[in-house]
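For reference, the chains in residue letters:
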Amino acid sequence: MSRHRLLAMFKDFDDAFDVVDKIKAKEVSGVEVDDINMMSPIEHPEVDTKLGKRPVNIAYFTLAGAIFGVTFGFFFLSSAQASFLVQPQGGKPVVPLPTNFVLMYEMLIFFAVWTTVICFIFLSGLGQKRGTLYSEKLTVDEIGIVVEIDESELDSVKNFFKNNKALEIREEKV
Amino acid sequence: MSFKNILENFSYYRRDAEDGGHHEYDHRFGMTIDLDICTGCNSCSTACYAENNLAVVGKERFEKGQAMHWMRVERYWDNIEGDYAEEGAKFLPMLCQNCGAATCEPVCPVAATYHTPDGLNAQVYNRCIGSRYCSNNCPFRVRYFNFWSYYEDSWPEPLNMQLNPDLSVRDKGVMEKCTFCIQRIRTAKDKAQREERVMADGDVVTACAQACPTGAIVFGDTMDPDSRVSKLWEKHQVHRGPFLQKKDKTNEEIRGYRIFDELNVDPSILYLERVRDTEV
Amino acid sequence: MSVKVNRRKFLKMLGWGGAGTALTGCDLPTTVTLEEGKEEVVSYLMPEEYAIPGIGVWYASTCTQCEAGCGLHGRVREGRVLKVEGNPDSPVNHGKSCMMGQSTVQSHYNPDRITSPMMRKGSTLQSVSWDEAMSALTSKIGPDSGVKGDRVGMITGTVSGHQAVIIDELLAQVGSKNHYVHEVINTSVWSSVCRDMLGDEMPKLNYDKAGVILSFGADFLGTWISPVHNMGEYAKFRKGARGSLIQVEPKMTLTGGNADLWIPAKPGTEGALALGIANFIIERGWNAVDVPSSIAKTLNQYTLTAVEKVTGVPVNKIKRIASMLTERAPSLVIAGASTENHENGYDAVASVMLLNLIMGNIGKTIEASAKFPEKALRAKQGNTKDLLLLAKALKDNKLDVLFTYNTNPAFTAPAVLQVSEGLSSVGFKVAFSMFPDETTLQADLVLPIHSGMEDWGTHVPAYQPDTSSVLSLQQPLMEPIHKETRGFGDIMLSMLKLRNKNFGDFPDYYSYLQTAVANMPADVTGSVEGASKDIWSNVLQKGIVKAKASANALTPKLVDMKFKVKHDNSGYPMHLVPSARLGLWDGRHANIPWLQEFPDQIAKVVWGSWAELHPKKASELGVKNGDYVRVTSASGSIEAQVYIHKGIHPDAVSVPMGQGHDEFGRYAKGRGVNPLKILNPLMERRTGELATHATRVKVTNAHKHEKLVHLGGSETQVGRKFVKTISVDQLRRTEGEA
Amino acid sequence: MQVERRTLLRKLVCSLRGRMRMKTVTIKQLLSFSVLAFVVSILPAKSYAELPVPAHITPPVGEHESPIVPQPIEFPHDRHVNDMKINCMYCHTYARRSKVAGIPPTSKCMGCHKVIATDKPRIQQLTEYWEKGESPKWLKVHDVPDYVHFTHEKHIRKFVFDEKFPVEDVQQVCGLCHGEVRGMTVAEKKKPLNMGFCQRCHEANGGPGDCWACHK
Amino acid sequence: MSQVIEDKVIDEKLEWSRINADVIASMQAPRKAYWITVFVCLTMFLCAIAAEIYQYKMGLGAAGLNNPHMWDMYIATFVFWIGMSHAGTLLSAILHIIHAQWRKPIYRFAEAMTTFSLMTAGFFPMIHLGRVWNLYWVLPYVSDRGIWPNFRSPLVWDAFAISTYLSSSALFLFIGMIPDMAILRDHTTGWRKKLYGILCLGWRGDDRQWRNFRRTYMLLACFLIPLAISVHSIVSSDFAMSIMPGWHVTTFPPYFVAGALYSGCAAIMTLFVCLRYFFRMEEYMTLNIMEKTTKLTFAIAMVWTYLNLIEFSATWYGHNIYDKEVLIAKATGPYAGVFWTMIFCGMVVPFTLCFQKLRRHMPTMFVISILLNLGMYVERWMIVAPTLAQAHSPHQWDVLWGSVIQWAIVFGSFGWFGLLFLVFVKLFPCVSMYEVKELCFHLKHEIHEEELAKKHAATKAAGKAEEGSGGRAPGTPGLEGA
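Protein chains in written order, with my numbering: chain A, 1 to 174; chain B, 1 to 280; chain C, 1 to 738; chain D, 1 to 216; chain E, 1 to 482.
By construction, these hints were calculated from the structure, which means they are not laboratory data.
Treat the hints with care, since some could be wrong.
For lysine-lysine, the following DSSO-like pairs were computed, each having C-alpha atoms within a straight-line distance of at most 27 angstroms [claimed, not checked]:
| hint | chain 1 | residue 1 | chain 2 | residue 2 |
| --- | --- | --- | --- | --- |
| 1 | B | 59 | C | 646 |
| 2 | C | 483 | D | 137 |
| 3 | E | 324 | E | 13 |
| 4 | E | 194 | A | 173 |
| 5 | A | 173 | A | 92 |
| 6 | C | 707 | C | 646 |
| 7 | C | 483 | C | 616 |
| 8 | A | 50 | E | 193 |
| 9 | B | 59 | A | 92 |
| 10 | D | 114 | B | 189 |
| 11 | B | 189 | D | 164 |
| 12 | B | 235 | C | 721 |
| 13 | A | 137 | E | 194 |
| 14 | C | 721 | B | 231 |
| 15 | E | 444 | A | 165 |
| 16 | A | 24 | A | 11 |
| 17 | B | 231 | C | 724 |
| 18 | E | 444 | A | 137 |
| 19 | A | 11 | E | 324 |
| 20 | B | 231 | C | 483 |
| 21 | C | 483 | C | 121 |
| 22 | D | 158 | D | 132 |
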């Protein structure tokens with residue numbers, strides 16, 4: 001029993017949301033709302049409400065990056081200053097806190113930004129190998145819904161999509 | 001560079017000038033310049049050129065303001081009223097003040113300028129990357145930058161044989177300034193160490209002080225209470241420390257002052273006021 | 001297998017330390033800053049105990065940059081002299097040195113030194129070997145040359161010591177009396193007056209004992225007699241009871257800049273001011289010494305108002321000076337260039353000296369000086385009279401052979417004297433010279449001589465500041481840097497040997513000098529102990545010989561004064577003041593880059609000439625700093641940039657001497673103008689000196705502007721109080737309390 | 001006489017360099033050189049025991065390889081140091097008095113070589129210089145940049161005299177920076193002598209940490 | 001039709017496929033004017049390169065610097081470019097956070113401007129250094145020499161801040177461009193397809209990506225705002241941390257930030273006009289957006305003016321004679337002409353933005369924006385030069401007008417910036433396609449909602465005529481946010 005992936009293309013969000021609503025209402029078997037992957041040319045906030053709460057964990061990493069940055073900044077700067085052979089003091093202490101705060105602040109942002117971006121790339125699955133199930137229309141104006149189903153339900157789901165204003169349906173074997 | 005070190009000695013590393021800084025000075029070299037007997041003859045400046053491998057920049061570069069005189073004699077006319085400069089000119093030998101709380105030090109990005117245990121404001125030429133921030137931040141404007149490779153035409157053969165091998169010739173792109181003749185200090189220290197004694201007053205004298213025909217410049221260690229310099233500082237009631245001097249002005253003979261004392265930079269050079277007989 | 005090692009070998013240069021020529025900051029993008037196998041290291045052939053590579057050794061010598069005769073210590077490392085300092089043992093400079101002394105090294109290492117003998121072939125000078133040069137010399141002035149003694153001349157700067165002896169000897173043997181001693185910056189009128197009125201040409205001046213110094217144009221801190229010594233004395237004068245300095249002169253000199261009161265008198269009327277002061281003092285009966293009625297009668301004409309009219313100095317100032325001289329006795333009244341070098345210079349200086357006499361300064365602030373016992377070694381002081389004589393001799397075509405040494409008449413003589421043109425009429429001109437200056441390049445035979453740091457010699461300063469007189473030894477600090485130069489003494493000696501067999505005993509000047517110094521009479525070398533051999537080594541070590549004093553008391557005597565102010569300004573309303581500066585001096589140091597780069601003490605201008613004008617005059621002419629003006633005299637004209645300040649009399653324009661060289665190496669050539677060139681051929685009436693300050697000029701706007709290259713942005717402190725000034729009475733008051 | 005591999009190798013390389021410069025080197029020559037070089041390189045090397053490090057010194061760390069500097073006379077340090085047992089400071093006499101160690105004056109060389117080994121070509125070269133009254137122009141091997149102020153005197157004083165270290169063994173101290181000179185003919189630079197090298201040693205042995213102590 | 005567009009940011013009825021097509025078209029087939037501009041920029045840049053090579057060889061004397069004027073136009077230009085870089089942050093980050101939708105068509109080039117002006121600015125401290133080849137010494141790397149940079153020095157802060165800001169803003173630009181890269185991947189051919197295929201990191205636009213994207217974008221925007229403010233404050237502390245009169249001013253950090261936003265806005269206006277004209281982007285960069293931008297500019301100009309005046313009055317009321325003298329010298333001294341130019345361009349010219357006629361007239365806006373830019377450039381120079389000319393020591397007073405070399409490098413920096421920008425507009429979309437689509441989508445949605453509401457109201461107020469159906473949309477006030 002092999003599994004198939006289906007991509008159905010819709011004209012606009014309204015059509016796509018109708019389909020989602022119908023899937024939620026169990027009008028077609030073999031597809032759960034959690035399996036739905038919705039592709040769109042723009043970001044639509046309603047997608048989240050329609051598909052249910054899905055977690056976004058980037059902020060935790062950002063926080064971790066920021067905390068690391070500021071701690072690292074403090075220890076790095078003060079230990080470099082303390083171990084420096086000569087002390088360019090100009091009447092100032094060896095470890096001048098106010099000036100170090102400036103750099104700690106910069107390091108906070110630096111590490112926070114980089115962790116955010118790196119985590120974004122990983123968490124959103126960018127740069128990973130993907131299936132070929134894709135339509136170029138997705139970057140123009142059409143909305144795609146991807147579902148993964150068993151072979152047995154292939155036809156029924158296809159029909160379901162067709163009946164619900166799908167413009168085009170593509171499929172691939174997993 | 002261990003955390004332990006930082007944590008254990010944190011309060012020590014946090015001491016600033018008000019708490020006496022973290023430096024424990026071996027010496028604190030200082031100078032006194034008596035403006036009353038300074039005649040403005042330029043002898044000091046010449047001696048400095050001879051001692052410190054200072055480049056002759058030539059007319060065009062001098063015109064641009066790129067001359068390299070570590071020790072310059074400033075001349076002021078302050079007679080705005082009256083037809084004649086009856087009071088004469090005012091001369092001021094100006095050199096690096098080797099400030100105790102030097103404003104040039106904290107701004108150098110690579111720490112090419114810092115304080116030595118001798119209380120000198122050092123400039124390490126080979127560390128300098130030429131950001132020129134130090135000079136911008138110097139109220140006295142006594143730091144000189146090598147805007148060109150002056151060595152290329154300042155010492156045509158055989159003039160280069162005069163170059164003092166005890167200090168380097170500076171190439172373009174580095175800042176330089178008066179060092180209180182560090183090479184002489186170094187030699188004197190070595191000599192004292194060789195003779196197994198402490199450095200005495202008069203062991204080291206800067207080129208300018210040695211040449212000064214009127215003896216207006218006195219150089220020495222202000223930490224040594226017996227040195228001529230510290231006696232002069234004492235006499236004129238000026239003390240080391242970055243803050244404005246409070247003088248007990250019962251005696252007007254107290255002529256000592258430090259330029260830009262109000263900036264709290266703690267200069268190492270004590271000037272004695274010029275005296276003019278206004279009765280005549 | 002023995003190698004001849006003499007003293008010179010010990011002064012050998014070592015290839016050590018690379019002369020500091022590799023650079024900091026030269027570590028271009030490469031990270032490796034270490035260099036192997038690039039620098040040469042040359043060891044000594046035979047080591048000397050005291051010569052350690054890397055450690056400087058100090059040798060004593062004498063400064064030859066001006067005539068003051070300061071003792072020097074030269075720091076020698078790896079056979080190179082690096083720096084000079086004053087010799088603390090020398091009573092002249094007490095271990096101090098001026099900017100000219102400091103730059104001796106640059107004169108020595110100058111890249112424009114003449115490195116080989118040159119002989120005129122056709123119209124050009126070509127390098128020749130010493131043999132060729134010496135044979136040319138022999139053929140022209142040797143015993144067989146048939147040269148007539150009175151047609152041989154020698155012009156030198158001030159000479160003293162054994163150089164003077166040897167020059168005298170040579171001229172005597174040739175049978176010539178034509179030794180011209182020429183200096184532009186001289187004190188010969190002062191000396192004449194001192195000789196006539198005090199019986200001592202160069203009396204000792206005790207600045208430090210004076211309560212007030214009144215100086216009529218004597219720039220004693222800059223260019224007058226013995227500047228470094230004077231500055232030391234000046235410090236004592238200021239430090240002790242703090243005397244006051246009053247300076248009267250048309251253009252502010254360095255001394256004027258340091259005066260408590262600077263008064264510009266009309267140029268050429270300083271004598272009248274002095275007489276006016278004297279008159280006022282005698283009127284009030286403040287004089288310490290009575291004056292004969294004849295003098296008093298002469299003085300009577302110089303009433304305050306009359307003097308004010310002549311000199312332009314207000315009456316109250318004159319009164320004040322007079323009372324200062326009285327209150328703060330003893331005083332010291334001196335006169336320098338701007339007073340001496342007028343047509344009435346002698347009388348003016350005599351009037352000044354009169355003040356010393358009536359105030360009773362003689363014996364207090366002016367004392368007889370110690371004279372060096374051996375007369376032949378005493379300094380022959382340069383003057384401008386000899387220049388005029390030489391010019392005359394040249395004009396009348398009286399010379400066949402002319403030696404020049406240590407002077408540059410082609411540069412310093414006014415154009416109208418036509419010295420340069422006259423020189424071409426001399427059949428054979430021999431120049432002993434280090435540099436290709438104007439005179440040297442006109443010579444037929446150029447003999448390159450050692451620099452002051454390579455040569456032997458002795459100097460007896462003309463001004464002896466101590467109670468015992470002093471002879472200062474000049475000894476080489478290093479091996480000659482150029483193979484083909486020779487010592488002046490060596491060349492003279494070899495010329496002497498041609499005629500006098502006695503000199504054959506001396507292989508070189510060094511041995512001559514050694515013998516001469518070591519065998520000086522006991523009263524001379526009294527200060528140096530030991531046998532003759534030790535004397536020499538002691539002298540080498542100390543650098544000076546202190547001779548026993550033979551000072552006589554001064555014999556004050558009044559001279560007849562016919563002080564007259566000349567008013568002749570048809571078309572030339574201004575006075576030209578060719579000022580001397582400590583630095584370039586009369587122009588002999590214009591080839592020293594340092595001295596070109598150091599600003600003039602007052603105007604702070606570098607690398608060029610300028611004309612100083614009073615703001616009043618400048619606004620009349622419509623010029624501002626940096627504009628060019630044309631200064632025209634009856635004998636020519638020059639153009640220079642204007643520097644405007646209040647330290648000059650409105651009727652005077654001052655152009656400093658020293659620049660305007662046509663030759664003289666890369667640093668001097670074609671730079672600035674030479675004010676001496678436009679001087680009128682006026683003579684001081686009594687002494688026959690050239691009246692350098694008497695030339696009248698007119699100043700016109702040349703309508704040209706360039707940035708004035710000078711040091712310093714703001715001319716005033718704009719209230720910054722960098723140089724704080726307090727008044728002297730403040731100082732006094734408190735001293736009383738303390 | 002024992003064949004010294006190092007010396008021979010060096011000589012070979014030097015002479016090859018000379019030939020390369022003349023650009024007339026033939027294949028044959030090259031071949032013969034390589035064969036020779038191979039033969040020499042498999043010769044047994046003369047080895048020394050490592051110099052002991054004096055107990056009071058923490059030695060500086062670092063190795064360096066540099067090309068051999070061609071000197072006017074190929075002075076064999078190994079003969080003098082190892083075979084004759086001559087102290088470093090006998091010839092480099094200024095080391096204890098000045099910042100530079102000094103090249104011995106020619107007179108010092110001649111002091112012995114007037115009589116010793118006068119038939120050797122190198123000695124004859126030296127004698128030639130002596131008779132001309134000149135000194136050979138050596139090339140500096142252990143050179144530091146001009147902005148570095150290094151003084152032998154202070155190091156010798158600290159590590160030898162102050163510690164009462166036997167002066168006979170001074171080689172052990174010198175060797176810390178100069179490498180094992182007893183194994184060289186002409187001196188070679190074996191230590192990096194860069195700032196890190198100096199710096200680590202200063203830290204370990206309590207040398208000054210002030211920039212101006214070493215920089216000028 | 002025109003009446004309809006007048007109040008709207010953008011015509012919501014734009015076909016999405018047309019958006020794609022228009023923007024992609026703008027990236028392809030450069031016109032003659034493009035090549036001419038490239039040539040001009042390249043020439044300017046080559047001038048700078050030649051000047052820099054000469055300066056590198058000869059030393060900084062070639063720039064005509066001298067003892068009091070250790071810094072001059074290099075630092076002024078550096079500050080100028082750093083200031084310029086604040087435009088992108090302002091438009092994309094600040095306006096993003098406050099949901100100002102009208103930023104969407106124009107924020108992309110503003111962000112590009114940020115990155116490129118930072119890249120230009122970054123050159124200046126290097127050009128300015130005496131020994132560029134030792135630049136890496138300001139970086140804190142572990143070396144066996146036991147030496148570190150001096151963390152007290154504002155120049156080191158600069159190095160930290162600029163590298164943080166450059167990398168962050170480049171990332172921000174990049175992240176924001178990923179969906180557009182995907183569009184381009186899908187709708188281009190050849191090398192472009194390959195390039196965008198790599199750059200879009202496999203963006204497919206699925207809900208997980210969008211979700212993370214939204215969060216990331218917001219997080220970055222949140223960090224970018226304090227970062228931008230800190231960067232310019234740190235640049236200001238190059239001056240404010242010194243003791244020089246006229247520099248040691250506590251209001252400098254906000255003053256610099258205001259100045260930066262100001263010059264950034266002015267630069268956006270300039271580029272806006274240019275892009276609109278050259279790429280025929282009238283439908284995207286509408287006059288309404290321009291008007292909003294100019295209003296924003298005016299507001300910031302007033303903030304800047306206020307801070308400037310506050311600085312003057314603080315100096316005036318204080319008793320620091322040095323500060324006061326520098327201030328007086330600015331107004332009356334040798335640099336007075338330049339100073340009054342700054343006052344005119346920076347404080348007077350913005351008042352023209354009060355007039356709607358002018359705001360909607362593109363050529364005028366172009367001229368005005370150039371004037372504002374000039375004023376802001378001159379402002380930076382007026383911070384650097386007069387203080388150095390008249391600092392504490394009167395002996396060292398001097399007036400300096402930079403040498404040819406210095407001018408050439410400063411001039412060439414504009415060429416370099418232009419060149420980068422020209423390359424950018426042909427390689428990357430200068431209008432964010434997906435966000436314009438979003439904008440259209442939201443607008444449509446809103447209009448729809450409103451119409452519904454109206455209908456509802458109409459049916460409630462029974463019998464009223466249904467005239468609202470003519471499509472007279474009442475604008476989008478709710479979306480502007482600010």
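So, going through the hints one by one against the coordinates:
Pair hint residue 59 of chain B plus residue 646 of chain C holds up; C-alpha atoms about 26 angstroms apart against a cutoff of 27 angstroms. A C-alpha spacing of about 19 angstroms is found between residue 483 of chain C and residue 137 of chain D, which places the hinted pair at or below 27 angstroms, so the restraint holds. Under the criterion of a C-alpha separation no larger than 27 angstroms, the hint pairing residue 324 of chain E with residue 13 of chain E is inconsistent with the structure, at around 59 angstroms. About 26 angstroms separates the Cα atoms of residue 194 of chain E and residue 173 of chain A, which keeps this hinted pair within 27 angstroms; it holds.
Distance restraint check for residue 173 of chain A and residue 92 of chain A: the Cα-Cα separation of roughly 70 angstroms exceeds the 27 angstroms cut-off, and the hinted pair is therefore not satisfied. Distance hint between residue 707 of chain C and residue 646 of chain C is fulfilled; the C-alpha atoms sit about 20 angstroms from each other, no more than 27 angstroms. For the given pair, residue 483 of chain C sits about 56 angstroms from residue 616 of chain C by alpha-carbon distance, which is inconsistent with the 27 angstroms threshold. In summary, the hint linking residue 50 of chain A to residue 193 of chain E is not supported, as the alpha carbons are separated by about 33 angstroms, beyond the 27 angstroms threshold.
With a CA separation close to 41 angstroms, the supplied pair residue 59 of chain B and residue 92 of chain A exceeds the 27 angstroms bound. For the hint pairing residue 114 of chain D with residue 189 of chain B, the CA-to-CA distance comes to about 41 angstroms; that exceeds 27 angstroms, so the pair is violated. Taking the CA atoms of residue 189 of chain B and residue 164 of chain D, the gap is about 22 angstroms. The hint holds against a cut of 27 angstroms. Taking the CA atoms of residue 235 of chain B and residue 721 of chain C, the gap is about 21 angstroms. The hint holds against a cut of 27 angstroms.
The straight-line distance between the Cα atoms of residue 137 of chain A and residue 194 of chain E is roughly 18 angstroms, inside the 27 angstroms bound, and the hint therefore holds. As the CA atoms of residue 721 of chain C and residue 231 of chain B are separated by approximately 24 angstroms, the hinted pair is consistent with the 27 angstroms bound. Under the criterion of a C-alpha separation no larger than 27 angstroms, the hint pairing residue 444 of chain E with residue 165 of chain A is consistent with the structure, at around 21 angstroms. A threshold of 27 angstroms between alpha carbons decides the hint, and for residue 24 of chain A with residue 11 of chain A the separation of about 20 angstroms falls inside it, so the pair holds.
Between residue 231 of chain B and residue 724 of chain C the alpha-carbon distance is near 21 angstroms, which keeps this suggested pair within the 27 angstroms criterion. This hinted pair checks out: residue 444 of chain E and residue 137 of chain A have alpha carbons roughly 21 angstroms apart, not beyond 27 angstroms. Distance restraint check for residue 11 of chain A and residue 324 of chain E: the Cα-Cα separation of roughly 69 angstroms exceeds the 27 angstroms cut-off, and the hinted pair is therefore not satisfied. Using a Cα cut-off of 27 angstroms, the hinted pair residue 231 of chain B and residue 483 of chain C is violated, with the two alpha carbons roughly 52 angstroms apart.
Between residue 483 of chain C and residue 121 of chain C the CA atoms are separated by roughly 23 angstroms; this keeps the pair inside 27 angstroms, and the hint holds. At most 27 angstroms may separate the alpha-carbon atoms for a hinted pair to count; residue 158 of chain D and residue 132 of chain D exceed this at roughly 40 angstroms.
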